[in-house]
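Chains as they are written, first to last, in my numbering: chain V, 1 to 135; chain D, 1 to 135; chain U, 1 to 135; chain Y, 1 to 135.
Just so you know, these hints were derived from the structure itself, not from any lab.
Here the structure is a predicted model, which is why all the values come from computation and not from measurement.
Don't take each hint at face value.
[Said to hold, decoys possible] Below 20 angstroms or equal to it, Euclidean Cα-Cα: the simulated EDC-like pairs (lysine to aspartate or glutamate) are:
| id | chain 1 | residue 1 | chain 2 | residue 2 |
| --- | --- | --- | --- | --- |
| 1 | U | K44 | V | E6 |
| 2 | U | K44 | V | D71 |
| 3 | Y | K44 | D | D71 |
Protein chains: 4
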Amino acid sequence: MSFAHEQRVYIEDTDAGGIVYYVNYLKFMERARTELMRSLGFGKNRIFNDGVMFVVRDVQIKYLGSAMLDDLIRVTAEPLEVRGARFIVRQQVWRLGELLTDANVECASVARSNQLPIRMPADMREQLTALINKE
Amino acid sequence: MSFAHEQRVYIEDTDAGGIVYYVNYLKFMERARTELMRSLGFGKNRIFNDGVMFVVRDVQIKYLGSAMLDDLIRVTAEPLEVRGARFIVRQQVWRLGELLTDANVECASVARSNQLPIRMPADMREQLTALINKE
Amino acid sequence: MSFAHEQRVYIEDTDAGGIVYYVNYLKFMERARTELMRSLGFGKNRIFNDGVMFVVRDVQIKYLGSAMLDDLIRVTAEPLEVRGARFIVRQQVWRLGELLTDANVECASVARSNQLPIRMPADMREQLTALINKE
Amino acid sequence: MSFAHEQRVYIEDTDAGGIVYYVNYLKFMERARTELMRSLGFGKNRIFNDGVMFVVRDVQIKYLGSAMLDDLIRVTAEPLEVRGARFIVRQQVWRLGELLTDANVECASVARSNQLPIRMPADMREQLTALINKE
Numbered sequence: 001m002s003f004a005h006e007q008r009v010y011i012e013d014t015d016a017g018g019i020v021y022y023v024n025y026l027k028f029m030e031r032a033r034t035e036l037m038r039s040l041g042f043g044k045n046r047i048f049n050d051g052v053m054f055v056v057r058d059v060q061i062k063y064l065g066s067a068m069l070d071d072l073i074r075v076t077a078e079p080l081e082v083r084g085a086r087f088i089v090r091q092q093v094w095r096l097g098e099l100l101t102d103a104n105v106e107c108a109s110v111a112r113s114n115q116l117p118i119r120m121p122a123d124m125r126e127q128l129t130a131l132i133n134k135e
Numbered sequence: 001m002s003f004a005h006e007q008r009v010y011i012e013d014t015d016a017g018g019i020v021y022y023v024n025y026l027k028f029m030e031r032a033r034t035e036l037m038r039s040l041g042f043g044k045n046r047i048f049n050d051g052v053m054f055v056v057r058d059v060q061i062k063y064l065g066s067a068m069l070d071d072l073i074r075v076t077a078e079p080l081e082v083r084g085a086r087f088i089v090r091q092q093v094w095r096l097g098e099l100l101t102d103a104n105v106e107c108a109s110v111a112r113s114n115q116l117p118i119r120m121p122a123d124m125r126e127q128l129t130a131l132i133n134k135e
Numbered sequence: 001m002s003f004a005h006e007q008r009v010y011i012e013d014t015d016a017g018g019i020v021y022y023v024n025y026l027k028f029m030e031r032a033r034t035e036l037m038r039s040l041g042f043g044k045n046r047i048f049n050d051g052v053m054f055v056v057r058d059v060q061i062k063y064l065g066s067a068m069l070d071d072l073i074r075v076t077a078e079p080l081e082v083r084g085a086r087f088i089v090r091q092q093v094w095r096l097g098e099l100l101t102d103a104n105v106e107c108a109s110v111a112r113s114n115q116l117p118i119r120m121p122a123d124m125r126e127q128l129t130a131l132i133n134k135e
Numbered sequence: 001m002s003f004a005h006e007q008r009v010y011i012e013d014t015d016a017g018g019i020v021y022y023v024n025y026l027k028f029m030e031r032a033r034t035e036l037m038r039s040l041g042f043g044k045n046r047i048f049n050d051g052v053m054f055v056v057r058d059v060q061i062k063y064l065g066s067a068m069l070d071d072l073i074r075v076t077a078e079p080l081e082v083r084g085a086r087f088i089v090r091q092q093v094w095r096l097g098e099l100l101t102d103a104n105v106e107c108a109s110v111a112r113s114n115q116l117p118i119r120m121p122a123d124m125r126e127q128l129t130a131l132i133n134k135e
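Chain V on its own, in the form it takes in the complex (with noise of 0.2 angstroms):
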């Protein structure tokens, strides 16, 4: 079972074609891809701590239904690969059985403190691949 993330589609999520605006399920993703490290320990305290900061490099994203105004919807992150200073999560939205959209997000490590690639806080590279190992 993958980490999975509910949240509530508001009017702010919608556009004049009556459903959600597909730019939003990205940000659904993130807000998921947060409570996922945030589980695992790296709330922003511990990642700032670390003098670190993750940045999405690539984005493979599949529309196939729509969410709509007050869906409850499940927002799963599931990491897929993770390297030194890289990993790839899994993104999917979930409407009750529907699938909504899927996802493959990259996602990098840079230092604070000039943007340069950096490799991720060796606990969290190994708390990554745990979830990985363990489906």
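Knowing the structure of chain V, use the given hints to seat chains D, U and Y on it.
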């Protein structure tokens, strides 16, 4: 004639009600304030060099009509009052002859280093004041 | 005790000043208003069935402090005044004991069909009014 | 030469990392796609009259560099492939000679009435196809 900035309404600005999401008018207004400041010579670089930063302290906004997708709107920015560390700008959003929103936005200058109130650069105060007197 | 809704601040909510982008507090407040209405039985479906829609007519908001990334905030929604086709909600954003923003938001009920003012459902008016009297 | 649309980066586009929030590049790209369509005669009114609506089905985006507050960026929109009910647009964001993001965006035409796939208007397909052949 007050300063005005033309903007286009895109799908990102709308909501499921089929009209512009009311919160976004504040973004339109900030764009116009930013362009007013740039037109006076106070783009980002100048402001950063002065070690100052502007924060919004108070907004009063009335919604009278609704902009829609693809509308071309005209957003005004007209200084109403300028003090040492604060200024109030009146801002309106128009679509042709129709007034859609009418707001007063109060901004304060704070030091970039510690966020404490600080007097704005003298030439900025003078230029904003000159705009008031011209009317 | 007024209704309150807890929310987390994500990176999407911040700006280059390092704090929450002031416009986004209005989104936080709308989420809390929506949850207040849902708690009273007026979720999207009920409101749609009544052929009514709510639009914001007037906002007065004061910014007193700044929320930051990862903050857990508490957003209140407290009806102040209820008339046939309008109501005013006082909304505050708190981080622990610190008041960050304080606003009055006036909403009007309009017909979904033609956007003209229309009385809100009687039981909604009664429930909102009951919240005022309870205090 | 592909179609390009100049845009300014405002504070609303940035995040606490001090750079443009990566999700917002998709908004920049949609603005450029919209302007490309408008330049071909397919503004909102024309598209509405045809009973058609476009939805994004797939995005692949690489982040190579970061735009910052006040940057003037150039967003391209270049059709790569056009079929009956779908087209793929390559979109890049440039700051002077620096490529910041590079994406392929696949859009599908659906009927406004029921959201089912529908062929796009013939003249739209022809014009988008002509742009490919011109290169």
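Structure-based check of each hint:
1. U:K44 to V:E6: holds, 18 angstroms
2. U:K44 to V:D71: holds, 10 angstroms
3. Y:K44 to D:D71: holds, 10 angstroms
The structure agrees with every numbered hint stated previously.
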